[in-house]
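Asker: Place chain Y on chain U using the hints.
Here the protein sequences line up with chains U and Y, keeping their order. All residue numbers for the first sequence refer to the working numbering, where the first residue is 11 and numbers rise by one. All residue numbers for the second sequence refer to the working numbering, where the first residue is 12 and numbers rise by one.
To be clear, the hints were calculated from the coordinates, so they are not data collected in a lab. Please note that the accuracy of each hint is not assured.
[Unchecked claim] Okay, the calculated bits of chain Y under chain U, using three or more residues with CB under 8 Å as the criterion:
# : region
1 : 397-404
2 : 435-447
[Said to hold, decoys possible] Heads up, incomplete: computed chain Y residues facing chain U, CB under 8 Å, no partners named:
# : residue
3 : 369
4 : 428
5 : 548
[To be verified] Derived lysine-lysine pairs resembling DSBU-like cross-links, with alpha carbons at most 35 Å apart:
# : chain 1 : residue 1 : chain 2 : residue 2
6 : Y       : 435       : Y       : 248
7 : Y       : 248       : Y       : 292
8 : U       : 298       : Y       : 435
9 : U       : 175       : Y       : 435
Cβ coordinates follow ideal geometry from the N, Cα and C atoms, glycine included.
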Amino acid sequence: MKFAWNYIGGSGPLTRRSFLEAGLLGLSAAGLYPALSLAETGTPHLGLARGDPGPATEAAVQIMGGMGTYVGQGDNVLIKPNMSFSAGPEAGVTTHPDVVEALARMCLQCGASRVYIMDHTLRDPSACRKESGIGDIAEGFQGRVEVQTPSSSHRFRTSDIPRGKQLGASDMLKEALEADVLIAAPVAKHHGSTGVSLSMKGMMGLILDRGAFHWQYDLNTAIVDLCTKLRADLTVVDASRALTSDGPSGPGEVTRPKTVIASRDMVAADAKAVSLIRWYGRSIPPEKVGHIREAHERGLGRMDLENLSTGTIEA
Amino acid sequence: MNWFQRSLQALCLALFVLLLLAATPILTGFLDPARVFALDPAAYLGAALSGRVLLPGLGALLFLLLLTWLLGRFFCGHVCPLGTSCDAVRPLVAGKAASEPSGGRWPAAKYLVLLFIAAASLLGLNLAYWGAPLTLAGRLFILVLGPAGEFLLSGLSGAGLLSDRAASAAWLPPDRYLGAWFFLVFFASLLLLQHFRPRFWCRFLCPAGAVFALTARRPFFRRTVSDACTDCGLCRKRCPMGAIGSDPRHTRYEECIVCQRCVRLCPEGAIAFLGLGLREKFPEAEPFLPGRRAALQTLTAAAAVAFVGRTGLLEAWSRQEAGQRILAGELIRPPGALPEDDFLNRCIRCGLCLRICPTDMLQPAMGHSGWSGFQTPVAVARSGPCEPGCTLCGEVCPSRAIRALPREEKVWAKMGTAVVDRRKCLAWEWGERCLVCDEACPYGAVDLSREPGMQVSVPHVREDRCTGCGACEFACPVVDRPAIAVSSMAEMRLATGSYREESERRGLDITRKGRESEEKPRRRDTADDDSDLPPGFQ
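Next comes chain Y alone, as it looks inside the complex:
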């Protein structure tokens, strides 16, 4: 075993998981979880091309590519958490040794994946999230493994296996995510494909691997074979990446992930990794590159998918009205999300905002916003409300698809408007003494007032005070569909500028502080007459 490789992989994976657990910048710079995701060239390319924008983290990414040019695809073999996950699962699922270790022409497919993503992004549909390995690893840990771990822990404490005291410390309410089954199946398939070849994903499909491969065609630090080689072919058979040619002296450097397994395997000690200048010989094996016809087919497919991907019924319609796109009513975005088109282009689906949302309000969209919005964060108030003091989703967003707003500014970023369904409301329809929505609203946007002919006070939404946080919808005791719910009506999405100023222009009055002029009846100083008692007294 290569202790250096395995230790580095374990370290990087632990760091990655730690960053997701903490989901907060431990150290500025590289250890910021947001920065980690910017290191994924496929995610970067997809968001930058479709959003037509340079994203933060370009310097670090270029530095990584420079290192790759010097050292080969070390990132895939030592750093990438998805690659490490593949390696960890491989011994459990390995099938019989393949007759053709290199995998035929399949390694060329990853270039087509990259081409497909780039072309679709240029046409305005960002599909990089299907392939970008760091964001895939983010979702693997955030949406599947993390909740599974929490579920087990909570099960143990619930079953009384932990003392009450330990249980209260260890208790983590398991995060719940929409469509967790989808991710489970998706990632299980991704990892189980290794039954056929080790590192199936990395070799054949990974678009970031393709970028690294193109960078590492002629690395400075590379595999060399001395004359002691006896042509036994052991290294070729056991190379996890199929990077060794039919003549074992030849190397496909763009496939090699520098794991140096061949060095340790070689019975003659003929293999070494050395820093050799560009002038030295490159005994290259024939590279796996896609043909022109396949490339053209891919481009055509990308154009077709980009076209079809923008025709979902629930996504932003292409109709313009009053300068704003009309959104599906249930499509509530996190506060400070860019205008819908920009948002869809920029979002790399890393899952950080889902992870960090303290109330589990943010959920991955499944069908909520059509194909173009698949797996983007939507705010589901029934799952949890948007806390007034919280600005975490914007702070962690690596691609600035959600703006980082200061606390004072965030409450003005209107996510939607609450609407009372009087046919379901306990007070309106059933005459029950319920004020839960009023109680829950942090902004005083629900007014309880007496209506003529009604025994109890009934709720009304003050639209100008409602920021769409969903605290009312979350708290509504009505089972199934709530009697008060946020719709995307009057949501505000600004690419630049102050939400507060724009809100005030629109006449909104969103605040958590008391208001001076309450237009409440304050007529007499006696309580002889019950008819005008303030709400709640009887």
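Just chain U, same shape as in the assembly:
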């Protein structure tokens, strides 16, 4: 494994000296945001791994301190991939099953008692489980991993969103409210009304009524509201493939960045994915994505990538 720490915006391999310098620079530039605590523990803001989906996922999580940092003995873990569409991995509209499988395996290795892999799908639930390939991964885990695509209202419970600006409450999946650890595992794709659909937008797969987001609220604001409640402990963006046009359902242009991005910070992970990928053939800065910009402004996370540390690795 070849390790090389470097910073976004900088170039070339880094020495310890420039690492510290840049860390201090970032600290002062970021003002209120304490970057030092992360630099001290040796965990960067963002972990980037290039390679096949499964190994890249493991490596990216490793950069972020390993799964043990997030999952403890006896924890119930909820992994939220995107499996909302009945299409195979090549279509780029669902999370690669190898990414989800690697996450589930790591969780169990770190002592998780149960891992739920759940999404309230847009298309026919059983077709989504089957065609995305995610439904099959539970088989290897002797019943400790469950893949579910619930849609009936009794599986959801109304929960207040104290920090919501517009969205004051919503019916959320019981497992999501009760999980000890929430892991967001979206695929990187374009979205026709929110620009991109990544970890933050993906949280709409854990609630019952999405229609209201479109007709009752400002969609971007409601997404940020939701993420103040359903805030992932770990975000892993699957950019092994990226749907760069005609999202979220495709069919559209699918590129292969062969990258997995991990972070504690949903906003940073999403912002990183936006900057990494060329959308409709052009590069677009994260602040052009309404919900990322608003989340940053509301202090939910950070999109100022130039001030965030990134660990990169070839898996």
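Answerer: Below, chain Y alone, put in the same frame as chain U:
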């Protein structure tokens, strides 16, 4: 009790329900649910006569008739799920013993029902579904009892009587069907008529029973009475089919369903069912047959109904335009349904496609297509979309009213075309950031684009890419009438040949895969100017 009869009935009913639950061929051949429905002679006759076609399953049906000629109407007494349902309900609703067990001249009515169905079918109106018992049983279980059971289960889990884990396993969202009340009333009446006579339906009305009766006039295996008979008449009073004559030694074999109740009842042990050759005596009681006048009246009525049945406003109009009939806008048929006339003739209304449709999109038509299309499957997108990968309705259709299309072929079988109602659309009319139709469309047939003077991207339907699956209509968050809806415009119905080839001839481009040449603006590599950002960015 006749354990043999009751066990066989229970077994056959369980098998029938199991087949409907699974709604998939468990074993090839007889256990295929589609094959089961082809065993109904009335359903077969109606579809074959009106469609002028030999349907699959003729061999099995002829074999069944051969067995009936040998064994009598054993099918009615042992196999038919509707007969079993009648028997199950009878003890609950039985009235006082009838003074005339045979029911007077009423048993002749079933022949008239059969004649009526055959005549109307010959004139092009298939009404067999009102009488064909297997298809009636199919609808009884699929449209009433199944959903009722699911409703109860879901109620139990919703009420917290089941643990969350058990509930998630047991949870069956209850299927919803249009006009379930109609079927409830219809079937309740059918079963409650037994207040007057046991097996009221089977004896007096069932057209399949009539076919079996005509076949079983002189069966090989039949009731015989020995000289020990004392003329007590007990068997005659208790025969559920009124098949025993005023002289209890005489039998109306065409009415007898071989339940052998009389054998067990007879105090003298004088009755037995034996295989007797054709040369032996047939001590027949006078059969119940309709008179000539009644038959003529029935024929006249059938002709009148066939004429009137084809004048519904919402059904296919008789106007031809561009080689295609004009259909009512909301009359969306399952993908691969035959051209409307053929479809109406062929469909036996067994309900299998309704049962198997995974999204509940297929619903029984009530008034959607006039009298001629009553209870045929219509696709209701507000109930559910047509899944791109699903070909089940065509696979299960017993009469091939819906063609069994391979997956690649099915997406080309255009069911209709989506149309945006801009006056209701959240994006067009309200300036909301909504793209749900675009998101839902599996075929990339909804384009979001900026219009001059509009703040948000608005949806447009690419008609050449739309297969009419209704995913957009189902997903549209606009309450009441959706802002995007499928109409039957440009639907494609081919009796034979490839949908794909025909679609390509018509210039359609229906695919789920990415397209190479997207005519999207890709001008500059910078985002300085917001005006030409791709959809969604701001």
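Asker: Hint by hint, note whether the structure agrees.
Answerer: Against the structure, the hints:
Only when three residues or more bring their CB closer than 8 Å to a CB of chain U does the claim for the region 397-404 of chain Y stand; here the count is 4, and the claim holds. Counting residues of the region 435-447 of chain Y whose C-beta lies closer than 8 Å to any C-beta of chain U gives 7; at least three are required, and the coverage claim holds. Here the hint on residue 369 (chain Y) is kept, as its CB sits about 6 Å from the closest CB of chain U, short of 8 Å. A hinted interface residue such as residue 428 (chain Y) counts as satisfied when its beta carbon comes closer than 8 Å to some beta carbon of chain U; here the least separation is about 19 Å, so the hint is violated.
Evaluation of the residue 548 (chain Y) hint against chain U yields a held restraint, the C-beta minimum of about 4 Å falling below 8 Å. The suggested pairing of residue 435 (chain Y) with residue 248 (chain Y) is violated, with an alpha-carbon distance near 68 Å, which exceeds 35 Å. The straight-line distance between the Cα atoms of residue 248 (chain Y) and residue 292 (chain Y) is roughly 24 Å, inside the 35 Å bound, and the hint therefore holds. Distance check on the hinted pair: residue 298 (chain U) and residue 435 (chain Y) sit about 29 Å apart at the alpha-carbon level, within 35 Å; holds.
Simply put, residue 175 (chain U) and residue 435 (chain Y) have alpha-carbon atoms about 27 Å apart, close enough for the 35 Å limit, and the pair holds.
Of the hints listed earlier, those the structure fails to meet are numbers 4, 6, in rising order.
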